[in-house]
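Given chain A, work out where chain B should sit, using these hints.
Number of protein chains: 2
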Amino acid sequence: MKIVLDVFGGDNSPFAQIAGAVAFVNEQKNTDVVLTGDSETILGELKKYKYETSRITVVHAPEVISNEESPTDAIRHKKESSLVKAYDLLKTEEDIGGMLSSGSTGAVLTGSVLKIGRIDGVQRPALAPLLPTRGGGRVCLIDCGANVDCRPEFLEQFALMAVCYMRRVHGVENPRVGLVSVGVEDHKGNALTKEVFATLKKLPINFMGNMEARDALTGDYDILVADGFVGNVLLKTVEGTAKMVMSELKSAILSSGSAKFGALFMKKAFNKLKHDMDYNMYGGAPFLGAKKVVVKAHGASNPDAILAALRQVNKMIEADLVAGIKEEMVKLADLTQGDAAHVE
Amino acid sequence: MKIVLDVFGGDNSPFAQIAGAVAFVNEQKNTDVVLTGDSETILGELKKYKYETSRITVVHAPEVISNEESPTDAIRHKKESSLVKAYDLLKTEEDIGGMLSSGSTGAVLTGSVLKIGRIDGVQRPALAPLLPTRGGGRVCLIDCGANVDCRPEFLEQFALMAVCYMRRVHGVENPRVGLVSVGVEDHKGNALTKEVFATLKKLPINFMGNMEARDALTGDYDILVADGFVGNVLLKTVEGTAKMVMSELKSAILSSGSAKFGALFMKKAFNKLKHDMDYNMYGGAPFLGAKKVVVKAHGASNPDAILAALRQVNKMIEADLVAGIKEEMVKLADLTQGDAAHVE
Numbered sequence: 001m002k003i004v005l006d007v008f009g010g011d012n013s014p015f016a017q018i019a020g021a022v023a024f025v026n027e028q029k030n031t032d033v034v035l036t037g038d039s040e041t042i043l044g045e046l047k048k049y050k051y052e053t054s055r056i057t058v059v060h061a062p063e064v065i066s067n068e069e070s071p072t073d074a075i076r077h078k079k080e081s082s083l084v085k086a087y088d089l090l091k092t093e094e095d096i097g098g099m100l101s102s103g104s105t106g107a108v109l110t111g112s113v114l115k116i117g118r119i120d121g122v123q124r125p126a127l128a129p130l131l132p133t134r135g136g137g138r139v140c141l142i143d144c145g146a147n148v149d150c151r152p153e154f155l156e157q158f159a160l161m162a163v164c165y166m167r168r169v170h171g172v173e174n175p176r177v178g179l180v181s182v183g184v185e186d187h188k189g190n191a192l193t194k195e196v197f198a199t200l201k202k203l204p205i206n207f208m209g210n211m212e213a214r215d216a217l218t219g220d221y222d223i224l225v226a227d228g229f230v231g232n233v234l235l236k237t238v239e240g241t242a243k244m245v246m247s248e249l250k251s252a253i254l255s256s257g258s259a260k261f262g263a264l265f266m267k268k269a270f271n272k273l274k275h276d277m278d279y280n281m282y283g284g285a286p287f288l289g290a291k292k293v294v295v296k297a298h299g300a301s302n303p304d305a306i307l308a309a310l311r312q313v314n315k316m317i318e319a320d321l322v323a324g325i326k327e328e329m330v331k332l333a334d335l336t337q338g339d340a341a342h343v344e
Numbered sequence: 001m002k003i004v005l006d007v008f009g010g011d012n013s014p015f016a017q018i019a020g021a022v023a024f025v026n027e028q029k030n031t032d033v034v035l036t037g038d039s040e041t042i043l044g045e046l047k048k049y050k051y052e053t054s055r056i057t058v059v060h061a062p063e064v065i066s067n068e069e070s071p072t073d074a075i076r077h078k079k080e081s082s083l084v085k086a087y088d089l090l091k092t093e094e095d096i097g098g099m100l101s102s103g104s105t106g107a108v109l110t111g112s113v114l115k116i117g118r119i120d121g122v123q124r125p126a127l128a129p130l131l132p133t134r135g136g137g138r139v140c141l142i143d144c145g146a147n148v149d150c151r152p153e154f155l156e157q158f159a160l161m162a163v164c165y166m167r168r169v170h171g172v173e174n175p176r177v178g179l180v181s182v183g184v185e186d187h188k189g190n191a192l193t194k195e196v197f198a199t200l201k202k203l204p205i206n207f208m209g210n211m212e213a214r215d216a217l218t219g220d221y222d223i224l225v226a227d228g229f230v231g232n233v234l235l236k237t238v239e240g241t242a243k244m245v246m247s248e249l250k251s252a253i254l255s256s257g258s259a260k261f262g263a264l265f266m267k268k269a270f271n272k273l274k275h276d277m278d279y280n281m282y283g284g285a286p287f288l289g290a291k292k293v294v295v296k297a298h299g300a301s302n303p304d305a306i307l308a309a310l311r312q313v314n315k316m317i318e319a320d321l322v323a324g325i326k327e328e329m330v331k332l333a334d335l336t337q338g339d340a341a342h343v344e
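Heads up: the protein sequence lines correspond to chains A and B, in order.
Heads up: the first sequence begins at 1 in our numbering, then just goes up one per residue.
Heads up: the second sequence begins at 1 in our numbering, then just goes up one per residue.
Bound conformation, chain A alone:
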């Protein structure tokens, strides 16, 4: 089996991508990696590492898609870009099961829609990263920005896809699903979430009801369902607040001599915290609902983050997540038809 890795895109590209790929093939015996990008640069960089050379192949792609470009234009016209090449390979090569990129999120999502397509029955694929929770756990937030305007049926499918993902890939047998709302009571919410609430109630999932964003990271939920606009705001608020608290802590420490002295003894504790809060460690954000495994790694990914994301892609392929989501969509269609029949 193989994973294709878009080498150009992200702050530390191509070095982090190449180092991560080498670490991955050295650790993982059954999955090889295909790298797309400027072959001269990549081959030159690869020479620095020790690994079984047959396990990493390079496909030349001289162009790079930047964050500033229109995703649709870039996917349509930059046919020689590392991302489009990666998608072309993912689409045509049967032994390539998944794609990883740390490039422009918009281009990755657009490319997936235009080049790979949706699993039958899926109305809208969705971005579903993991966030750290208290005590070292994780929670899956779906959708984080792929769909900023949603109909209730989209969120219903988001919930089902995330349940399948958390079960098959992360071993959470009966994931606890919360609907992001403005209060925990059943009647709280806006027009969209009220409709979604009624729908989720009927699904054969462990639906815990409405939840408040202040409990997003308590560890009380395995999955948080939101439309892409709200999910994006939640995700970025977590990021911004964590950064703000850490920076305020730093300046509080620097403003006092005794605190500076005390901090010397706390380096390990601070590093542990930084590590726990570091979403780089939790791999990338899968684009659930795409016909093949597609994962977007953070733009700031370092080699460890790329390695973690490659492991995750590998697990998603091994667990046959795509087939799992397909089954869920068939079951949902049966359920909805049954409902409709019942109404008639």
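Be a bit skeptical, because a hint or two may be false.
Put simply, identical chains are the same to the list, so a pair is met inside one copy or across any two.
Stated by the list, open to error - Below, a list of computed lysine-lysine pairs in the DSBU-like style, where the Cα atoms sit at most 30 Å apart:
#1 K260 <-> K272
#2 K260 <-> K315
#3 K91 <-> K188
#4 K331 <-> K201
#5 K250 <-> K272
#6 K188 <-> K291
These aren't lab readings, by the way, just hints derived from the structure by calculation.
Positioned in the frame of chain A, the structure of chain B alone reads:
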């Protein structure tokens, strides 16, 4: 001038409210306080303090509205509750310029709408608390949950009301306004924010364009505009994330002997951070657009928080915020008419 304070409601009620009221009249020479609630309890508690007794009056209100009750039912039927009494006084007594409550947010908002009403021209009043930013600043987030389903015109008015508030009450001459979105580019957003973006562009305010939630607390904005659902999610995510980071830090410290030792030298730094992050210190959330000054204090308010919120109510009355917002609405109507005339 007088402020009416709903004494019953919130975790530390009535003690925090009474202590805060006493501290306020001892500090503030021109504004008296009227307390509503069970008079026996209040008078008994007041005996413990030293203050000019004529400056605090008590109006008996034996009932209490809880967080669990339907706000509309409670406001309609609990006529002897501390909140409804407070609103009755605010409505009828001319020398009472504002009301403060730390009770149920829903009941405070509903009470304001049913009992006090909106300033002419205001379509929807909105909750607008201040959040702490890096380096000890503040940012006003409007709306935080009063209006979960919004039309673009509502957000346009939110922006204008918040500008007036930040200018008159917090002395920010030309507040920088950001529209909460999923990216900083002009075209980013959902159907609602795209319309709002176009509207805000035309207003005579310092509109900085779309902003991302990760920059909410950087200090780059004085005002963040969002619909009440999104604003509520943002506010509660800040709260939950700050709590999570602090608790992870605590457990990282407790897990190491040397860190525990180091922490002894950092008590002051930690307390400074806790203080900076404590929204209790920033007073309550004003309900902008109501015909008189209405402020909701946090349910967990301690005496310091009540004192801070009373100062804020006082400042809002002195600055004649209500008149200011009224003027803004007249100007907006002229502007909109001008636009319409121009189109014709």
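Going down the list of hints, with the structure as the test:
1. Taking identical chains as interchangeable, the C-alpha atoms of K260 and K272 lie at most 30 Å apart whether they share a chain (18 Å) or sit on different chains (14 Å).
2. With identical chains, the CA atoms of K260 and K315 are never at most 30 Å apart, being 43 Å at best within one copy and 39 Å at best between copies.
3. Within a single copy, K91 and K188 get their C-alpha atoms only as close as 43 Å, which misses the 30 Å cut-off; across copies the closest is 29 Å, which meets it.
4. In this assembly of identical chains, K331 and K201 lie within 30 Å of each other by CA distance solely inside one copy; the values are 16 Å within and 47 Å between copies.
5. Taking CA atoms no more than 30 Å apart as the test, K250 paired with K272 passes in both settings, with 15 Å inside one copy and 11 Å between copies.
6. In this homomeric assembly, K188 and K291 come within 30 Å of each other (Cα to Cα) only across copies, at 26 Å, whereas the closest approach inside a single copy is 35 Å.
Going down the numbered hints, you'll see the structure goes against just number 2.
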